[in-house]
Structures are given as structure tokens and as C-alpha cells.
Amino acid sequence: MRIVSSAVYYVPDRDMYWMRICFQNIAQPMKKSTVLACASHEYLWDISNAFDISEVRLDQWSNNVLKKWKEVGESIFREVVHYDVYAISQDGVNNGLKYLKENVVPCPHGLH
Amino acid sequence: MRFFFVDDSNTAIDDKLGFFVFGGLVVDPSTIRDLLFVLRSIKNKYGIPLRRPVKWQNAKWQGKSGPLDASVHQQMKSDVLKAVGSTTSRIIIYLAPHNFYHRSIAGSGDSKKQVIDPQLQIKALKFTFNVCFQKFNFFLGREKCFGIVLSDSFPDNIAGELLTHCYDLHVSGTRYSYLEKVIQPTIFIKLELSEMHQVNDIVLGAIQSSLKEISPNLLSVIRENFWAVNSDKGWTPLNYGINIYPKFGKTDHIRKKVELLTYKFGHLLNFKI
Numbered sequence: 013m014r015i016v017s018s019a020v021y022y023v024p025d026r027d028m029y030w031m032r033i034c035f036q037n038i039a040q041p042m043k044k045s046t047v048l049a050c051a052s053h054e055y056l057w058d059i060s061n062a063f064d065i066s067e068v069r070l071d072q073w074s075n076n077v078l079k080k081w082k083e084v085g086e087s088i089f090r091e092v093v094h095y096d097v098y099a100i101s102q103d104g105v106n107n108g109l110k111y112l113k114e115n116v117v118p119c120p121h122g123l124h
Numbered sequence: 054m055r056f057f058f059v060d061d062s063n064t065a066i067d068d069k070l071g072f073f074v075f076g077g078l079v080v081d082p083s084t085i086r087d088l089l090f091v092l093r094s095i096k097n098k099y100g101i102p103l104r105r106p107v108k109w110q111n112a113k114w115q116g117k118s119g120p121l122d123a124s125v126h127q128q129m130k131s132d133v134l135k136a137v138g139s140t141t142s143r144i145i146i147y148l149a150p151h152n153f154y155h156r157s158i159a160g161s162g163d164s165k166k167q168v169i170d171p172q173l174q175i176k177a178l179k180f181t182f183n184v185c186f187q188k189f190n191f192f193l194g195r196e197k198c199f200g201i202v203l204s205d206s207f208p209d210n211i212a213g214e215l216l217t218h219c220y221d222l223h224v225s226g227t228r229y230s231y232l233e234k235v236i237q238p239t240i241f242i243k244l245e246l247s248e249m250h251q252v253n254d255i256v257l258g259a260i261q262s263s264l265k266e267i268s269p270n271l272l273s274v275i276r277e278n279f280w281a282v283n284s285d286k287g288w289t290p291l292n293y294g295i296n297i298y299p300k301f302g303k304t305d306h307i308r309k310k311v312e313l314l315t316y317k318f319g320h321l322l323n324f325k326i
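Protein chains in written order, with our numbering: chain A, 13 to 124; chain B, 54 to 326.
Since the hints were made in silico from the structure, they are not lab data. For clarity, every value in this text was computed on a predicted model and none was experimentally measured. Check each hint, because a few of them may be wrong.
Cut-off 27 Å, straight-line C-alpha distance, at most; resulting in silico cross-link-like pairs (DSSO-like, lysine-lysine) [what the hints assert, rightly or not]:
1) A:K44 / A:K80
2) B:K130 / A:K110
3) B:K286 / B:K265
4) A:K44 / A:K113
5) A:K79 / A:K43
6) B:K286 / B:K176
7) A:K110 / A:K79
8) B:K300 / B:K325
9) B:K197 / B:K234
10) B:K265 / A:K110
11) B:K98 / B:K176
12) B:K179 / A:K113
13) A:K113 / B:K130
14) B:K300 / A:K110
15) B:K286 / B:K309
16) A:K110 / B:K310
17) B:K325 / B:K179
18) B:K265 / B:K234
Computed, partial: chain A to chain B, Cβ under 7 Å [what the hints assert, rightly or not]:
19) S17
20) A39
21) E67
22) R69
Partial pick of chain B residues on the chain A-facing surface, computed with a CB cut under 7 Å [to be verified]:
23) T217
24) D221
25) K265
26) I267
27) S268
28) N270
Backbone N, C-alpha and C fix where the C-beta goes; we use that ideal spot for every residue, glycine too.
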């Protein structure tokens with residue numbers, strides 16, 4: 013499986029971070045899938061207990077997201093796009109999902 | 054002369070913000086006409102009766118405030134905030150945890166539910182009034198003028214005691230009777246009779262929604278309206294226009310929430326904590 017993971021982007025207006033991971037089946041290149049993940053500042057702050065979110069913390073989060081979706085394996089290709097929101101409230105989950113769906117293109121370059 | 058329009062927002066218990074917001078706009082009377090013109094124009098545009106407030110989530114007003122959908126509501130908020138942002142109005146608000154207002158009662162099975170306890174609510178509001186009105190008095194002193202507080206009305210079961218408290222702040226020799234710049238006890242008005250309270254309600258709603266997780270920041274257009282001073286950390290509305298309580302929380306959970314709220318305001322309004 014070929015995996016391309018983006019950098020973590022910060023959206024200051026929403027105080028949230030998002031990333032994109034593109035998956036492609038090497039043997040069957042037409043099989044592709046994208047994971048769009050976001051995390052609120054509240055979520056990252058809640059688990060790190062640090063006022064400012066460090067690069068180390070962001071790397072930990074992005075690596076955890078990557079690891080989680082790698083473990084899904086071939087069944088990831090059942091959906092073209094997967095949304096993964098990390099928030100501490102239902103409002104946060106809803107707002108994060110809405111933001112990803114309305115503002116982030118699944119895979120503009122690279123694999124797709 | 055300044056009018057301080059006050060109201061409370063987000064008092065219903067939920068897991069979204071965890072804090073209620075009280076306070077509102079401090080307005081020079083000469084700017085009121087322009088603000089009301091904007092509000093009326095918006096209501097006419099969207100077919101809302103003039104006496105009805107612009108409410109979205111309050112069950113009392115749902116269905117009565119005209120054909121509102123989320124995008125229309127957002128646009129209305131944005132238009133009112135821009136109008137407020139173009140004035141010299143100042144914002145003074147107070148935030149405190151929901152458990153200042155609520156207590157647990159037994160629900161079905163082992164569950165508990167939170168309800169507003171009138172006695173806790175009265176106590177919370179008295180404290181809120183003390184903080185907000187003192188801040189307003191301090192503001193008036195710096196502006197070298199007098200002022201009056203106009204509040205949205207409260208339910209009948211607590212209104213009497215709150216009115217008595219407001220009189221005590223001004224008349225008798227209590228330790229809060231040094232509101233020398235506030236010319237008379239608070240006047241209570243029903244929201245639907247006061248268009249400035251409806252403007253105020255929209256501002257408080259925008260503050261509340263901007264504080265929620267991953268919500269759009271609506272506050273940049275009214276940043277300069279938050280009453281603030283310049284300190285060694287630069288421009289700050291903390292403890293002037295924005296007052297977050299408790300200062301010393303009893304539990305880690307509350308202390309963390311206060312820290313998070315403080316951070317959020319710092320981020321939304323771009324000032325250093």
C-alpha cells in the first residue's frame with residue numbers, strides 16, 4: 013500500500029489542526045482512499061495539559077492518526093473519503109466534520 | 054452618560070461551553086439610533102416581526118421569530134456585529150461555570166440530571182451583578198461620566214430578590230454601595246420590549262458561539278469594543294471587559310476550564326495571557 017501523509021495545517025479562525033492521508037493500493041492503482049483528520053485545540057490541550065501546542069505534540073497526534081488508519085488495512089478502500097474528528101464535545105465533532113467536508117479537498121495532488 | 058445593557062446567555066446546562074455569559078454592551082446614547090436602524094433593517098429583510106428577538110435556539114422563540122435558517126441567522130449576527138464594531142460601544146462580560154446555577158437531581162435509574170436551582174441562580178446572579186456593576190462603575194470613573202444599568206427581566210420566582218439586591222447596591226450601606234457613578238438601581242425590561250437588548254442578545258450569542266469548539270471566530274470585527282487597557286503585556290481586556298470566574302477554582306476540572314476559556318479569548322481577540 014502506498015501512503016502519502018500531508019503536513020499538519022493550522023486554521024487560526026477555528027483554532028484547529030487538520031491533515032490529509034492518501035492511500036493507494038499498489039497492485040490495483042485504481043483503489044484509492046483519503047483520510048481527512050482534524051483536531052481541536054481543546055482536544056490537544058486536554059490530553060497534553062500544555063497551554064501552547066508544541067510541534068512534538070502535533071507530531072504525536074499525526075503519527076497516531078496515521079497508525080490508526082494504517083491498521084485498517086485493505087478495508088480502507090471501501091470508502092473514498094474517511095473523516096476523523098478529534099474533539100472534546102459533540103459540538104466540536106459536528107463543527108470539525110462540517111469544516112472538513114466544506115473546506116478540504118480530499119486529495120488535490122499526488123496519488124489521486 | 055452611558056447605558057449598560059445586560060443579559061445572560063447559555064444558562065441551560067450542556068456539554069458545549071460549560072459556562073454562562075452575563076453582561077453586554079456599554080453604549081453612548083448617541084449611537085443607539087444607528088444600531089436600532091440596523092436591527093430593524095435586518096428584521097424587515099428577513100420578515101421577522103419587530104417585537105420578536107432574533108433567536109435561534111431558545112425554545113420559547115422557535116417558530117415565532119420568522120423563517121430563520123442557520124445561514125440567515127449567521128448573516129444576521131454578522132450584520133449586527135459589524136454595526137456594533139463601527140461604534141464606540143464597549144463590552145463588559147462575566148463568565149462563570151454552569152454549576153453556579155445548577156444542581157443535580159435524581160434522574161431515571163442511576164442517572165442524574167442538572168436543573169436550574171432558583172436559590173443557586175439567585176446567588177450566582179447576585180455575585181454576577183456585583184462584579185459587572187463594579188466593573189461598569191470603574192469604567193464610568195475612567196470615562197468621567199455617569200451611567201445606568203438596564204437588564205433583561207428575570208423569571209418571576211427570582212425577580213423580586215434580584216430587584217431588592219439591586220436596590221441594596223445603591224441605597225443601603227452595604228459593602229457594594231460605592232457605585233457612585235451609577236445613578237440609580239438597575240431597571241429591568243422584557244427583551245421583546247427593548248430593541249437594544251435584542252442587539253445585546255445577538256452580541257452575547259456571538260461571543261458564546263465563538264467560544265465553542267471549532268466554531269468560526271465572529272469576534273474579530275468587535276475586538277476593539279471589548280473594554281481593555283494597555284498593560285505590560287500589551288492590550289488586554291482580561292479583568293476589564295472579560296471577567297472569568299472563579300479566580301481560584303476548587304477542582305482541577307474547573308481550573309482547567311477557566312484556563313482554557315482564558316486561552317480561547319486570548320486567541321480570538323489576539324491578546325497575550
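task = Output the numbers, in ascending order, of every earlier hint that fails for this structure.
result = 6, 11, 12, 14, 17, 18, 19, 20, 21, 22, 23 and 24
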